[in-house]
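Line by line, the protein sequences give chains A and B. For the first sequence, the residue numbers in our numbering are 4 to 303. For the second sequence, the residue numbers in our numbering are 16 to 211.
Since the hints were derived computationally from the structure, they do not count as laboratory data. Watch out, some of these pointers could steer you wrong.
As the list claims (entries may be wrong) - Subject to a maximum C-alpha distance of 27 Å in a straight line, what follows is the list of computed DSS-like cross-link-like pairs (lysine-lysine):
no.	chain 1	residue 1	chain 2	residue 2
1	B	44	A	67
2	B	137	B	44
3	B	160	A	237
4	A	67	B	165
5	B	160	B	170
6	B	193	B	203
7	A	67	B	162
8	A	237	B	110
9	B	110	A	67
10	A	237	B	137
As the list claims (entries may be wrong) - If you only want the chain B side, here are some residues facing chain A, beta carbon under 7 Å, derived:
no.	residue
11	32
12	60
13	66
14	75
15	86
16	89
17	91
18	95
19	111
20	134
21	136
22	155
23	159
24	161
25	163
26	188
Claimed, not checked - For each label pair, taking beta carbons as the anchor points, the in silico distance ranges come out as:
no.	chain 1	residue 1	chain 2	residue 2	range
27	B	192	A	64	43 to 51 Å
28	A	61	B	144	27 to 35 Å
29	B	144	A	236	46 to 54 Å
30	B	189	A	248	40 to 48 Å
31	A	193	B	182	24 to 32 Å
32	B	23	A	298	44 to 52 Å
This one's a predicted model, so the numbers in the text were calculated from it and none came from an experiment. For each residue, glycine too, the CB sits at the ideal point set by N, CA and C.
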Amino acid sequence: MRIKEANEDDQLIRRFLLGDVSEEERQRVEESFITDSVYSESVLMAENDLIEDYLEGDLPQAEKEQFDAHFLSTPRQRRKVRIAESLKKFAVAEAAAPSPATGEGRMPRQPQQRTSSNVLTLRKPLVILSLAAVLLIALGLGAWKIVGIRRENERREQAQTRRAAIEQELAQLNVRPGGTPSDARIFSTDLSPVVVRSSANSGMISPPAQTTVVELRLVLIGEEYQNYRASLQKFDSTDQFTIPGLRAESATGGKVVPVKIPARLLTRGIYQLRLRGDNGTGEPVEVGEYQFQLTNQAAR
Amino acid sequence: MPKERIITKDKFDELLAWLDPDRERAAIKYEQIRQSLIKIAAWRGCSDAEGLADEAIDRVTQRVDELRATYVGDPALYFYSVSRRLIFEHWRLVKSQVPLEEVGEPFALPQEEPDDLELEEKCLNHCLQKLSPENRELIMAYYRKEKQAKIDCRKELAEQLGIATNALRVKIYRIRAKLEICIERCMKRAATDEID
């Protein structure tokens, strides 16, 4: 009986979060939410679970529509979803980076056991206190600098690790045979170089929410090369990702170089792609510049 | 648009005293009520959820003398009833100002500015660094997989920590709640300051 009640409650909370409740039910949930801290936590945890299901594309179509229409209706809720999405991206990128010591993905370390240090039993407390104060100040000043440098190094290392993980993922998706999962939902679109794009083809793209891979088919103009290398950069960002080993393929009316990008790595904004050709001399040749603007909420 | 708040210190002290005789516990309760009101307004589709919550608190504070003498029950429920009325008023106003054919989509709000999105990422990064190394590693490990792999990974994590998977879920929820508070503060501070 109690399990049944708990399940009914869970379902009510989920419907509440999706806006699929009567005013009476809504009031009941809200009153418990504001007066009962245990209930409040369970609603907030259910909210996190719901967001996770949404981000992983696990919501049934009807719930997904309710989520889009109701849950994402305020900036605050949209921010919560974006943060959850960024958190997942961080976690995935960090896990993809091998641990320097073992070469394996990382597991959380156990809290370190505290060891009690030896306590000196000295007889002149005042002198000891003064010495300790001087030592602490000196150590503090040194530590301040060291911590600052270490933090900066950590930040740099993390950025490098993240970039390497993303480039590895891009390479796997584009170059390795069978690199694209068979169940991938691919959104594909042709992109002309910036110099020939007309206003009718402004490079705006809106992949459907369930998209897992965005495929940009870069239309080639001019000489053809055996291999291509693309660099992807978001406008106003200094991060640049390189995708080597791309090849041209035939398409209606000419040749295109397909570039696949995991949809979850793209957020709304303007991106630039520079395509270079490899003529066998080791010196890459500029082929074209392409731009696209992702206009919808982050693709999944 | 944020409204200028008119609570005097005396009134606020009285409000805290109504919530709990112990000032520290009263302050915690006040913050819990405020956060709950914000969440409720956001779930009801109000774009200025914070503004509505503050307005409800202001209205209750104005009547606190009378409430202390006459109201029976959990003060949180009184805040809720005021907030609910305000939300209804808000939607009546929205509907009266919008042509009928658009009433069905009160959610067509302006999209977030790219600057905000960049700041969010910066603040997330900053706040992740502020977590203890154990909590940071735990939350990263918790979110690193999807689908079936995620379930297996979380089970493994719980075993490693010697706790049940639901206890792990609660632990992660609490870390995330801290993270979100940190991000909110970071974004507010960034309006006038640099991220430290």
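Quick rundown of the hints versus the structure:
{"no.": "1", "hint": "44(B) with 67(A)", "result": "violated, 35 Å"}
{"no.": "2", "hint": "137(B) with 44(B)", "result": "violated, 31 Å"}
{"no.": "3", "hint": "160(B) with 237(A)", "result": "holds, 26 Å"}
{"no.": "4", "hint": "67(A) with 165(B)", "result": "holds, 21 Å"}
{"no.": "5", "hint": "160(B) with 170(B)", "result": "holds, 12 Å"}
{"no.": "6", "hint": "193(B) with 203(B)", "result": "holds, 16 Å"}
{"no.": "7", "hint": "67(A) with 162(B)", "result": "holds, 17 Å"}
{"no.": "8", "hint": "237(A) with 110(B)", "result": "violated, 39 Å"}
{"no.": "9", "hint": "110(B) with 67(A)", "result": "holds, 26 Å"}
{"no.": "10", "hint": "237(A) with 137(B)", "result": "holds, 16 Å"}
{"no.": "11", "hint": "32", "result": "violated, 19 Å"}
{"no.": "12", "hint": "60", "result": "holds, 5 Å"}
{"no.": "13", "hint": "66", "result": "violated, 11 Å"}
{"no.": "14", "hint": "75", "result": "violated, 13 Å"}
{"no.": "15", "hint": "86", "result": "violated, 14 Å"}
{"no.": "16", "hint": "89", "result": "holds, 5 Å"}
{"no.": "17", "hint": "91", "result": "holds, 5 Å"}
{"no.": "18", "hint": "95", "result": "holds, 5 Å"}
{"no.": "19", "hint": "111", "result": "violated, 19 Å"}
{"no.": "20", "hint": "134", "result": "violated, 11 Å"}
{"no.": "21", "hint": "136", "result": "holds, 6 Å"}
{"no.": "22", "hint": "155", "result": "holds, 5 Å"}
{"no.": "23", "hint": "159", "result": "holds, 4 Å"}
{"no.": "24", "hint": "161", "result": "holds, 5 Å"}
{"no.": "25", "hint": "163", "result": "violated, 11 Å"}
{"no.": "26", "hint": "188", "result": "holds, 5 Å"}
{"no.": "27", "hint": "192(B) with 64(A): 43 to 51 Å", "result": "violated, 30 Å"}
{"no.": "28", "hint": "61(A) with 144(B): 27 to 35 Å", "result": "holds, 30 Å"}
{"no.": "29", "hint": "144(B) with 236(A): 46 to 54 Å", "result": "violated, 25 Å"}
{"no.": "30", "hint": "189(B) with 248(A): 40 to 48 Å", "result": "holds, 45 Å"}
{"no.": "31", "hint": "193(A) with 182(B): 24 to 32 Å", "result": "violated, 51 Å"}
{"no.": "32", "hint": "23(B) with 298(A): 44 to 52 Å", "result": "holds, 48 Å"}
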